[in-house]
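Q: Residue-level listing of the chains:
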Amino acid sequence: MLKPLLSVRDLRVDLNTRSGVLHAVRGISFDVAPGETLCIVGESGCGKSMTSLALMDLLPRVARRSADEITFDGQDLTRRRIAGKLRGRRMAMIFQEPMTALNPAFTIGDQMVEAYLYHVGGTRAQAVDRAAQMLEKVGIGSARSRLGQYPHQLSGGLRQRVMIAMALMTDPELLIADEPTTALDVTIQAQILRLLKDLQQELGLAIILITHDLGLVSRIADRIVVMYAGAIVEEGTAAEIFDRPAHPYTRALIDCIPQPGKTERGAPLGTIPGVVPLLIGRQDGCAFRDRCSLAQPRCADDIPTQDAGSHHWVCIHGGQA
Amino acid sequence: MSYLLETVGLTRRFQVGQGMFKPKATLHALNGVDLRLKKGQVLGIVGESGCGKSTLAKILLGLLAPSEGSVLLDGKDIGTIGRMDFTRRVQPVFQDPFSSLNPRKTIADIVTMPLRVHGIGTDAERRKRAAGIMDMVGLPARFAERYPKELSGGQRQRVAIARALVMNPDLIICDEPTSALDASVQSQILNLLMDLKRELGLTYVFISHNLSVVEHLVDQVAVMYLGRVVELGSTAQVFDAPQHPYTRALLDSALTVAPSLGVPDIGLGTAFPNPLAIPPGCPFQPRCPRAFDLCSRVRPHPVDVALGGAACHLAEEPLRGAA
Amino acid sequence: MTAITTNPPSRAGRAFRRLAHHPSLLIGSGIVLLMVLIAIFAPLIAPHDPYVQDISRRAVPPVWYEKGTWENILGTDQLGRDYLSRLIYGTRVSLLIGFSVVAISGLIGTTLGLLAGYFGGKVDTFVTFIVTVRLAMPVILVALAVVALFGGSMWVVITVLGLLKWDRFAVVVRSTTQQIRALDYIASARTAGASTAWILLREVLPNIAPQLIVIATIEVASAILMEAALSFLGLGVQPPLPSWGLMISEAKSYMFFSFWLIAIPGTALATLVFAINLAGDGLRDMITPERS
Ligand SMILES: Nc1ncnc2c1ncn2[C@@H]1O[C@H](COP(=O)(O)OP(=O)(O)OP(=O)(O)O)[C@@H](O)[C@H]1O
Ligand SMILES: Nc1ncnc2c1ncn2[C@@H]1O[C@H](COP(=O)(O)OP(=O)(O)O)[C@@H](O)[C@H]1O
Ligand code: SF4
Ligand code: SF4
Ligand SMILES: [Mg+2]
Ligand SMILES: [Mg+2]
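Residue numbers (the UniProt record's numbering), protein chains in the order written: chain X, 1 to 321; chain Y, 1 to 323; chain C, 1 to 292.
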């Protein structure tokens, strides 16, 4: 693998809640290479958003972050000053709900231009040119007139495109996208993902894409990280995860979705019994064990990490069934 | 008349303001929708956001009156069926399990609400019925005295299903019943809906924008675009041999699990459908990759509800459609 | 989440535990409850008849003054009536007026708000219009005018304030109802065949109860103060009925000689209003955070 652009080692996020400390992210480690797409998948509440916010240092105030290492291109992101300089310039983020990330009181042009002037500098005219150019790049016609519009005057799909254009204004090397298309129609979702893929090739962008949609992941990921209850349970390339899923949770998750051509129409779908565990307090042994069909008594002990080249999973079972 | 549900030329218009000083514009949310559904079948409705799916659901539920056209239940106009009779027979399951349950009522209160509205049974009888239904949908009896906020999304959706079933309805209108749920919970709810249908002989109208789910669950599919049905047919017809270019684009854009396929280029262009300015000719023409001169002038014939098919000039002459 | 599998404590137990987290609510409602008990049992508690005048014992100071006696713990007023007894009976007037006014105004405001919020359209336009008209009228001036016309009595005060002070109820209930109306549980009730009255009373009302309680406490406090103000101006409760406002008014000419005559009912009034507001704040804090 290339020298990683982003390295994360033992990232933890703890939240103080009324019922105790909630460990939303429990020591995860991963790398992202330049130009690569890494997908983080998992059910809601498994800590995906907390991970992305922790990387961008945008956690809510009740949250505490700790990590052995978070480096971007060799620079230490745990140092506030360095992170402040890189964030919004060399690393950018797209949020799930664009309406919350765009300021309703300013035109999209103003928001794009201000961010650019702040991070890159130059004259206002240059910034406006750049903004119009980026809007065209994301497929928004008559870009100049769009710059004068307010976020609420745009449809959901357009807003998400504006978010992408805005994120790409400063020519970042890493884009973190948290459920960027969950709220959108399938047609618009396909268009936006296509766009991201094209821009990635053109600009050599690395992308961390966070989602719960396995179909989407299978289409876009170079590598996949599967999270469960704040921890990574399996990691591998898209082919490894979908053709030879090794962790029982990954397998169960794939069985849950109807796959045209594979699942028989009308036949019962796979299910995972039980509910996601509460993330408050310590977790000994495998967090998945009360829902796992292959669980054994020793699943309550320390679980080894199984390796098969670039493919890792955390389970007592080594073989890929 | 062997159809449980039939709609004839359903049209719904809304007057929408466009800012302070502009006159109100007319929005056609539904435009001449004809559908038929036999007892025991599942009719899927798919289409992009804003195409009129929820408007259709509201009309079928009697929550909204059509501007024109009618809804027939067992051949009788629902306007002529008494409200109480109608509400006993047609029940909803909505998308958002967080807003569909009254946060100040216990689960038992929520499930028995329709019985109380209809004055059916004594308190004890109602409780017993609720317990039976809760068991059927997989809710433990101890949830009866809990409040919605103590339940997970999937459990809440089960409560909503229990409430819909408590009156023994014939027809359930599901508007995106699993869109707000995780994949693992979605599969549980879908399995439950399929089991209930088999056991109770229910009929569903199933609205969803998730095409894999629709393909898995339904017998008939209606594809909607800007308030119209543009393609209608059996699941096999529509999913295996789509005729309308829009249906094809929808199917192409569905991201099924297929690591080798990558993100499709669906070739729809960047125009967005605007229900306030529906173009003359074929409504899909501004985005259609196969549009030709006729399309911008002449509106294709609507889908024949008896035969199915697609509302597209190309589909009218199968030979040209193959070209 | 896993919390689902643990058995929840009983409703009363939970309510009590939540109460314990809100000391201001505990203190506020404790004081109010005490005052309500005093009002109810006034004839049993009051040491003397509040109306009996004793010319020989005029303006006796409270016990803690040199000339005070245990006979009249809080002294007597300028007509020789026992001040403690008058204070105790005055609690009745204040609370009766506070709660009656809010019962009337709450009913009017809630009804208007529910109808406007639920039906929208012309009903909403109409309600918004009369709220605007009502807000254009200064309560105290209108009350003064009415009392001047019909003469002052406790029931006139209650009626006038009750018919005037519903605006806050109407405004808040209207906007909350608008939000609730759009939720799917209302649609579910409609598809179950529920009538509008059923939906408003059984589905909407329980969900605006928290807001209603909070407004009600504010309005009770404000009505009590308004009664005091009107009585002070001589246009509210008429003598010899003991009302705190009236007591302050009657004492105002003796302010420099017998300061306690004003200080005592003044303190009682301030305490009650403070306690009600404290309880209202506590209720709001307890109800608003919808944390799981
Ligand atoms: N009360 C209303 N007033 C004005 N316009 C409305 C109203 N309800 C719906 N519409 C419009 O009617 C059209 C169809 O809306 P509908 O809610 O049926 O869409 P949908 O297909 O359910 O979309 P989604 O997938 O987003 O739920 C939309 O353009 C919508 O904006
Ligand atoms: N502000 C917060 N306060 C307390 N807990 C939170 C907060 N935000 C998130 N959590 C909890 O942290 C966990 C992980 O959340 P998140 O990262 O948002 O999950 P997701 O994988 O769905 O993005 C969840 O259990 C969630 O309830
Ligand atoms: S460690 Fe045990 S419980 Fe966990 S996934 Fe593997 S088999 Fe299942
Ligand atoms: S009628 Fe023309 S524009 Fe419409 S779908 Fe068919 S080919 Fe496309
Ligand atoms: Mg999230
Ligand atoms: Mg809808």
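Calculated directly from the structure, the hints in this document are not laboratory data. Ideal Cβ placement from N, Cα and C applies to all residues, glycine included. There may be inaccurate statements among the hints.
What the hints assert, rightly or not - Computed beta-carbon distance windows for the label pairs:
| hint | chain 1 | residue 1 | chain 2 | residue 2 | range |
| --- | --- | --- | --- | --- | --- |
| 1 | X | 265 | Y | 128 | 30 to 40 Å |
| 2 | X | 9 | Y | 128 | 54 to 64 Å |
| 3 | X | 264 | Y | 301 | 31 to 41 Å |
| 4 | X | 298 | C | 175 | 55 to 65 Å |
| 5 | Y | 80 | C | 141 | 39 to 49 Å |
| 6 | Y | 15 | C | 128 | 49 to 59 Å |
| 7 | X | 129 | C | 111 | 58 to 68 Å |
Unchecked claim - Under the rule of at most 25 Å between Cα atoms (straight-line distance), these lysine to any residue pairs were calculated in the SDA-like manner:
| hint | chain 1 | residue 1 | chain 2 | residue 2 |
| --- | --- | --- | --- | --- |
| 8 | Y | 105 | C | 92 |
| 9 | C | 122 | C | 181 |
| 10 | Y | 197 | Y | 141 |
| 11 | Y | 105 | C | 252 |
| 12 | Y | 149 | C | 54 |
| 13 | X | 137 | X | 104 |
| 14 | Y | 105 | C | 54 |
| 15 | Y | 149 | C | 92 |
| 16 | Y | 149 | X | 78 |
| 17 | Y | 105 | C | 19 |
| 18 | Y | 105 | C | 67 |
| 19 | Y | 105 | Y | 41 |
| 20 | Y | 149 | C | 51 |
| 21 | Y | 128 | Y | 63 |
| 22 | X | 137 | Y | 24 |
| 23 | Y | 149 | Y | 106 |
| 24 | X | 3 | X | 78 |
| 25 | Y | 105 | C | 207 |
| 26 | Y | 149 | X | 271 |
| 27 | C | 67 | C | 54 |
| 28 | Y | 197 | X | 149 |
| 29 | X | 262 | Y | 41 |
| 30 | X | 262 | X | 290 |
| 31 | Y | 24 | X | 149 |
| 32 | Y | 149 | X | 49 |
| 33 | Y | 149 | C | 287 |
| 34 | X | 197 | Y | 256 |
| 35 | C | 252 | C | 92 |
Said to hold, decoys possible - Facing chain C, from chain Y, some residues (calculated, C-beta under 10 Å):
| hint | residue |
| --- | --- |
| 36 | 3 |
| 37 | 4 |
| 38 | 8 |
| 39 | 87 |
| 40 | 104 |
Q: Could you run down the list of hints and mark each one as holding or not?
A: How the hints compare with the structure:
no.: 1; hint: 265(X) x 128(Y): 30 to 40 Å; result: holds (37 Å)
no.: 2; hint: 9(X) x 128(Y): 54 to 64 Å; result: holds (58 Å)
no.: 3; hint: 264(X) x 301(Y): 31 to 41 Å; result: holds (35 Å)
no.: 4; hint: 298(X) x 175(C): 55 to 65 Å; result: holds (58 Å)
no.: 5; hint: 80(Y) x 141(C): 39 to 49 Å; result: violated (57 Å)
no.: 6; hint: 15(Y) x 128(C): 49 to 59 Å; result: violated (20 Å)
no.: 7; hint: 129(X) x 111(C): 58 to 68 Å; result: holds (59 Å)
no.: 8; hint: 105(Y) x 92(C); result: violated (36 Å)
no.: 9; hint: 122(C) x 181(C); result: holds (16 Å)
no.: 10; hint: 197(Y) x 141(Y); result: holds (22 Å)
no.: 11; hint: 105(Y) x 252(C); result: violated (54 Å)
no.: 12; hint: 149(Y) x 54(C); result: violated (64 Å)
no.: 13; hint: 137(X) x 104(X); result: holds (23 Å)
no.: 14; hint: 105(Y) x 54(C); result: violated (59 Å)
no.: 15; hint: 149(Y) x 92(C); result: violated (42 Å)
no.: 16; hint: 149(Y) x 78(X); result: violated (37 Å)
no.: 17; hint: 105(Y) x 19(C); result: holds (21 Å)
no.: 18; hint: 105(Y) x 67(C); result: violated (62 Å)
no.: 19; hint: 105(Y) x 41(Y); result: violated (33 Å)
no.: 20; hint: 149(Y) x 51(C); result: violated (56 Å)
no.: 21; hint: 128(Y) x 63(Y); result: violated (29 Å)
no.: 22; hint: 137(X) x 24(Y); result: violated (35 Å)
no.: 23; hint: 149(Y) x 106(Y); result: holds (10 Å)
no.: 24; hint: 3(X) x 78(X); result: holds (19 Å)
no.: 25; hint: 105(Y) x 207(C); result: holds (10 Å)
no.: 26; hint: 149(Y) x 271(X); result: holds (23 Å)
no.: 27; hint: 67(C) x 54(C); result: holds (17 Å)
no.: 28; hint: 197(Y) x 149(X); result: violated (48 Å)
no.: 29; hint: 262(X) x 41(Y); result: holds (23 Å)
no.: 30; hint: 262(X) x 290(X); result: violated (28 Å)
no.: 31; hint: 24(Y) x 149(X); result: holds (21 Å)
no.: 32; hint: 149(Y) x 49(X); result: holds (22 Å)
no.: 33; hint: 149(Y) x 287(C); result: holds (14 Å)
no.: 34; hint: 197(X) x 256(Y); result: holds (17 Å)
no.: 35; hint: 252(C) x 92(C); result: holds (22 Å)
no.: 36; hint: 3; result: violated (21 Å)
no.: 37; hint: 4; result: violated (17 Å)
no.: 38; hint: 8; result: violated (21 Å)
no.: 39; hint: 87; result: holds (3 Å)
no.: 40; hint: 104; result: holds (4 Å)
When held up to the earlier numbered hints, the structure conflicts with 5, 6, 8, 11, 12, 14, 15, 16, 18, 19, 20, 21, 22, 28, 30, 36, 37, 38 and fits the remainder.
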